[in-house]
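Trainee: Protein sequences appear in the order of chains A and B. Just so we're aligned, residue 972 is where the first sequence starts under the numbering used here, counting upward by one. Just so we're aligned, residue -1 is where the second sequence starts under the numbering used here, counting upward by one.
There's no promise every hint is true.
If you want the ones that stay clear, here's a sample from chain B, every Cβ over 10 Å from chain A, calculated [to be verified]:
| hint | residue |
| --- | --- |
| 1 | V82 |
| 2 | L107 |
| 3 | N187 |
Here are the simulated SDA-like cross-link-like pairs (lysine to any residue), alpha carbons at most 20 Å apart as the crow flies [claimed, not checked]:
| hint | chain 1 | residue 1 | chain 2 | residue 2 |
| --- | --- | --- | --- | --- |
| 4 | B | K170 | A | C1234 |
| 5 | A | K1106 | A | V1070 |
| 6 | A | K1286 | B | E198 |
| 7 | B | K99 | A | L1210 |
| 8 | B | K202 | A | A1110 |
| 9 | B | K202 | B | D148 |
| 10 | B | K170 | A | W1078 |
| 11 | B | K199 | B | A155 |
| 12 | B | K199 | A | R1274 |
| 13 | B | K54 | B | I10 |
| 14 | A | K1106 | A | L1128 |
Worth flagging that the hints you see were computed from the coordinates, not collected in a lab. Idealized CB from N, CA, C, for every residue including glycine.
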Amino acid sequence: MNGTDGRQPGPRYFGLRLGLWYATLFVVGSIAIVYLTYYLTAASLAQRDQQIIRAKLADYAAAYARGGGRVLAATVRAEQQAAPERLYVRVVDRGVETVVLSMPEGWDPATLETASARLYDGTLVEVGKSSEPRKALLARFRAVLGVVTFSIVVIALTGGWLATLSAVMPIRRLTSTVRQIIRTGRTDSRVPLAGTNDAIEELTLLFNTMLDRIEGLVTAMRGALDNVSHDLRTPLTRLRGTAELALAGAPDPERYREALAECVEEADRVLVMLNTLMDISEAESGAMQLQREPVVLSEVVDRAVELYRDVADAKGVTLKGDEGSPEGRRSIVSGDRTRLEQVAANLLDNAIKYTPAGGTVDVAIERDGLDATIVVRDTGTGIPASELPRIWDRLFRGDASRSERGLGLGLSLVKAIVEAHGGTVGVASEPGHGSVFTVTLPSITRL
Amino acid sequence: MRALLVEDDATIAEFVGRGLREAGFAVDHALDGDAGLTAALQQSYDVAIVDVMLPKRDGLSLIDELRRRSVTTPVLILSARRSVDDRVRGLQAGGDDYLTKPFAFAELLARVHALVRRATRTPEPTTLTIDDVSLDLLSRRVTRSGKVLDLRPREFALLEYLLRNPGRVVSKTMILSHVWEYTFDPQTNIVDVLVSRLREKLDKPFEKKLLQTVRGVGYVLRDEEKPPS
């Protein structure tokens, strides 16, 4: 483990923070609700007591009005003996004589809640009720609410912990996989999918896709490196052999001169080969930097034809430039001009190389919908059906081509560049009569 | 002509230095970026050849420092990297030309001469000559011993390029990029074909052969028959 571990908060802290936030909000919310419930209940109980007292007060005032103190006393006595809710009743006669009509046993006058009314003759009637039962009820209610609140807090903390754990778990899996990849350098690990179809799952999926891409690139690069080192061994052996042979023989300036010239030529071939192999690998792995611009395909083809005109003449091969359809000649593709020129040149090079004197190579640009196709036809030796699929392989030299000078990389480069441009290559051949090579690229102009 | 070579690889420095001296340059060699900078500030050079990867101070920073101190010596950058980005970075730092390793010495020499020529602003001649051959750039007429040669455009371009590098060997790659403006090697004998066509018209009817092949290296236009030994 390196020092970077100490700096980052990490998923553990992230989960803890998330859980604490969740629990705090939940607990504060629950306590607010509980407190509000208690307050409203207490208030409404007190209000109910007041209503009872006031109602009774009105009753007794009416009784007093009907028949004075006696009727009131009788009414109170009759009511209070049977009543489920007993009250304290006191009458103060014109401010002097106090008559207590009802005083339930065990009531503490200090806890009484009272209301009074002055009657028409100055008599004061006071009705009271003990607040003890209400307070006892509220006390029990508080106890219940306390238990409930405690449960809520416990549930909140546990739930929060579980919820954040399940939210953080995929992140932890992601982290540990990444850490493992960093530690081991192995890019074939993948983060397991939970199948939850959420944002984390999407991130995991994207991460795995990224790993796929990286692994592909790394594998391609390793493969390219293996191939390059393998392919360079042969010319390097020739190079070394030539020099060694010259040194081993009798000293002879002319021989040395000859051997040195061969060495330079061989070294140049190695360089061309290295550059071409790098180009192919870059194009195949998608690492080739294409300087894309709109390119008129006919300009590319015309330049290649011009380049090879003299070579074809010297070999006695008729090279016919593009006289194709005007639609074809107007085709514009989005591509790297130099790379496309390389494609056209390599196709012509190949065709002229395998066409004997007296033969013909002709080039045309054809148009089909959005596709523009460079067609190179030759009347050369042709390619046996068995070799057709392999001609695009690197360093493949068919039986017919072994006697020809070349690296066996031209067609591979054509294919790699064309495919890097999003195009396709094709070949059809009739041994003894000739071959047709096609390069199809998406055109950016409409017909 | 004085040239400064800043290169840490002994073998490369050896063959470039020797080649430049044979071509008539006085060559100073610095092994690292700091030594190169000191030398370039103390002396006035006609051209500097600077490797990018150097100990102590890399080539690009060396060039940058020279340009900041208003030293305008033309600089040819040598680098093992061939991507377009690296080339652009080199030229942005103030380099005047860029050559990728491995290179043909012939190409390095031609580029060095081109840089010196550009810097000293030698007036552009309108007629190029060697021995009894004369090429008029304005009328595009070529004569040898007073006889007009009928050259096709590419043959004319090749002869012009060879005449601009009299006595210096030019490689196939250089011909390809100057005559056709192709920057890649099409892996074929295009240049050989063109050279033999030019030779047919330039040398075949005459006793003295001017257009010579240097095996493994390239072609040269020389008015002496044998290469100097």
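Trainee: Any hints from earlier that this structure breaks? Give me their numbers in increasing order, please.
Mentor: 1, 3, 5, 8, 10, 12, 14
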